[in-house]
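Trainee: Residue numbers (our numbering), protein chains in the order written: chain D, 70 to 474; chain W, 17 to 263.
It cannot be assumed that every hint is accurate.
Straight-line C-alpha distance at most 20 Å; calculated SDA-like pairs for lysine to any residue [unchecked claim]:
id	chain 1	residue 1	chain 2	residue 2
1	W	K151	D	R127
2	W	K85	D	L129
3	W	K85	D	V267
4	W	K85	D	V144
5	W	K151	W	L108
6	W	K151	D	H130
7	W	K85	D	A272
8	W	K249	W	D211
9	W	K85	D	S139
10	W	K85	D	A277
11	W	K85	D	R273
12	W	K85	D	R141
13	W	K85	D	V274
14	W	K85	D	T140
15	W	K151	D	R124
16	W	K85	D	R137
FYI, nobody ran anything at the bench for these hints, they're computed from the structure. As the structure is a computational prediction, the values presented were derived from the model and not from experiment.
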Amino acid sequence: MIWVAPVLLGLIAIYAGDTQPEDGGYWTAATAVGTLFLSFTAPACAACAAWEGFRSRRLLHAVGNPVRSSTRVMVGGCWPVGVLAVTATGLVLWLYVPEPGTPGGPDVAILGTELLILCAHIAAGYAVGRAFPVVIAVPLATMGSFLVTTAGLGLEPAWIRHIGATNLYNCCTVEEIAAPEVLFAACVFAVGVIVSAVLIVSARVLVARVAAVLPGLAGTAIAVWLVLPLDWEPTAPRDLSAAECTDGTPRVCTWPEQESSADTIQASVTDVLARFESAGIRYADSMDPITFAHSSPGRIEIVATMVGALLPTEPADCPLGYPEWYFDVHERMSSWLYLTAGLDAGTAEGVAAPENVEAVRAMRSEWSPAEQLSWYEAGVDALRECPQGEPPAALRSVTASGGPS
Amino acid sequence: MPLVFENVTFSYRRSGRLFDRLTLSFHDPVTVVLGPNGAGKSTLLGIAATAIRPDSGRVSLDGLVPARKRELAAYRRRVSWIPQQVTAVPGLRVREQVAYCGWLKGLSRSEAWDRSIRALERVELGDLAGRASGKLSGGQQRRMAIAQALVHEASWVLMDEPTAGLDPGQRQVFRRLIAELRETAQIIVSTHQTDDLDTVFDHVVLLAHGRVHHDGGLQSFLGMAPEGTPETKRAELAYARYVGNEA
Chain D
70 MIWVAPVLLG LIAIYAGDTQ PEDGGYWTAA TAVGTLFLSF TAPACAACAA
120 WEGFRSRRLL HAVGNPVRSS TRVMVGGCWP VGVLAVTATG LVLWLYVPEP
170 GTPGGPDVAI LGTELLILCA HIAAGYAVGR AFPVVIAVPL ATMGSFLVTT
220 AGLGLEPAWI RHIGATNLYN CCTVEEIAAP EVLFAACVFA VGVIVSAVLI
270 VSARVLVARV AAVLPGLAGT AIAVWLVLPL DWEPTAPRDL SAAECTDGTP
320 RVCTWPEQES SADTIQASVT DVLARFESAG IRYADSMDPI TFAHSSPGRI
370 EIVATMVGAL LPTEPADCPL GYPEWYFDVH ERMSSWLYLT AGLDAGTAEG
420 VAAPENVEAV RAMRSEWSPA EQLSWYEAGV DALRECPQGE PPAALRSVTA
470 SGGPS
Chain W
17 MPLVFENVTF SYRRSGRLFD RLTLSFHDPV TVVLGPNGAG KSTLLGIAAT
67 AIRPDSGRVS LDGLVPARKR ELAAYRRRVS WIPQQVTAVP GLRVREQVAY
117 CGWLKGLSRS EAWDRSIRAL ERVELGDLAG RASGKLSGGQ QRRMAIAQAL
167 VHEASWVLMD EPTAGLDPGQ RQVFRRLIAE LRETAQIIVS THQTDDLDTV
217 FDHVVLLAHG RVHHDGGLQS FLGMAPEGTP ETKRAELAYA RYVGNEA
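All chains should be modelled from the sequences, with the hints used to inform the complete structure.
Mentor: Pasting the structure below:
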């Protein structure tokens, strides 16, 4: 194990340079990216634990009638591997630690889940080491652990990723947290594996060893049941009570991580609101508060977020689907709002299709402000419902067929 | 402080019943369990060590019956067992392995570490304490196994074929060790060799096919040799007589 530690820690240090968290200024994201390194840490720990399991078996054979219980011997053999797991996890966290002054601290729930998962790999590796000859046990534990932590990332359905928490690495923007169901499921799965491993190691007869697999299966079943309703994203919305919100319409909220950017955000928001107002565009009173996804949102993100809040979202349940022009209109309106909010055409083309930007740029130069506003309002009305058939007459001139007629 | 077997019955799944209501008491300082291969010597010591569970009957040590967890731990603290096969653990030095065994027998880590060197010195392996345990010769590994049994200073030491594979010099060390150890512990040694019988042991139990054929003092055992047998041959011929009868 002595030579495994520098190899593992070195690999982590090297690979960390190629991987960035979803948001380096958000502790939750900085903690969650560490789950990606389970692909290294878990197999290394499982292999070391298998080796320790093999050595424990020989020592128990040497003593013959030990006083210590099997569980105590297991803990005694595995604690150095546990130290390796904690060290590796700590190194990953240290490599991604946000800048000083970032509010909060490491996400304890994610960190705890990660360590519990590593404990499960260690316990399973140890049990394999106790059960099989070392030449089989170490490769088996390594490959098994690697497959569980890595292959899950490429497999469907989504619950395979969630129960091992292997999908957490790209969690989260500042307006998200790790989904509690995912963390809980991963913990239940890990505890099931640990209990099974302990029972297998303690069992004296074959029947008891076979029965010892049951807690692991039960843990897996419960974990799958917990995450089955989730889609691919292992995230949940963050509680808005953590944010600071302005009064008025729209309500704009900033998260604690955005405090250092608050002046920039406020200036951009005020500017965008003034431009929309001068174009006759108003936010609805009932609108949800506007929040920004990154700890230091740039001008484009602010504009895109505010544009996104203005446009109707797709009706959730259109029985006949959406006509093709629905999306054309949506994109044209987005492009028009980007330009209205003050983005230049070049910048807008970074977030919208260039042909859409070109079309609305022509419209803005050729149509009067009242005509543009009328077109925008007709579009909002059309997108709010489940439209069918041809587009409303007011929108036909700026659909996919080209620019304004 | 006797170690007592009461009505112990034990069967192997494949080869059938070995002990049938065996009752036996060990009370002398040094007892040898003699018998040919397959007699049940190792199983007897395994049951005495609680490493093997009998089908029925019980084993007790000075009235202590290892029926529950706490009693089992107390029993095992007082009984050391050196299995027949010696095991070197990869990656451990001799002292580390002996100390680890002490920890497995209930000592704290520091206590086991401190006592390990003393145990190694008793088997004259103190100068090899820092060597990898797998690098020891067969005889040295057997002495290391004895050190593992001594490290926690049990009151009973059960040795299964401890002199197998030892050269004459190492057997001399073993005899000295038994002589020293009998001052602090009671010892049961299983063997099928009669070489050192009259210089080491007080009591002889002769076992064949799971049955006790002799259970008594050394002199009564030696007395079974034919009259006129030279002193050096008495043990061998007494043993041959018993085994011959059984065959």
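Trainee: State for each hint whether it applies.
Mentor: Here is how each hint holds up against the structure:
Distance restraint check for K151/W and R127/D: the Cα-Cα separation of roughly 16 Å lies within the 20 Å cut-off, and the hinted pair is therefore satisfied. Annotation: proposed proximity of K85/W to L129/D holds, straight-line Cα distance about 18 Å (limit 20 Å). Proximity of K85/W to V267/D is assessed by CA-CA distance (about 17 Å); at most 20 Å being required, the pair is judged to hold. At roughly 19 Å between alpha-carbon atoms, K85/W and V144/D fall within 20 Å of each other, so this suggested pair holds.
With a CA separation close to 10 Å, the supplied pair K151/W and L108/W stays within the 20 Å bound. Of the pairs offered as hints, the one joining K151/W and H130/D holds, with about 19 Å between alpha carbons and a cut-off of 20 Å not exceeded. Taking the CA atoms of K85/W and A272/D, the gap is about 15 Å. The hint holds against a cut of 20 Å. Between K249/W and D211/W the alpha-carbon distance is near 9 Å, which keeps this suggested pair within the 20 Å criterion.
Using a Cα cut-off of 20 Å, the hinted pair K85/W and S139/D holds, with the two alpha carbons roughly 12 Å apart. Note on K85/W and A277/D: the hinted pairing holds, with a Cα-Cα distance of about 18 Å set against a maximum of 20 Å. A hinted pair counts as satisfied when its Cα atoms are at most 20 Å apart, and K85/W with R273/D qualifies at roughly 15 Å. Taking the CA atoms of K85/W and R141/D, the gap is near 14 Å; set against the 20 Å cutoff, the hint holds.
For the given pair, K85/W sits about 18 Å from V274/D by alpha-carbon distance, which is consistent with the 20 Å threshold. About 14 Å separates the Cα atoms of K85/W and T140/D, which keeps this hinted pair within 20 Å; it holds. Note on K151/W and R124/D: the hinted pairing holds, with a Cα-Cα distance of about 16 Å set against a maximum of 20 Å. Under the criterion of a C-alpha separation no larger than 20 Å, the hint pairing K85/W with R137/D is consistent with the structure, at around 11 Å.
When each numbered hint is compared with the structure, no violation occurs for any of them.
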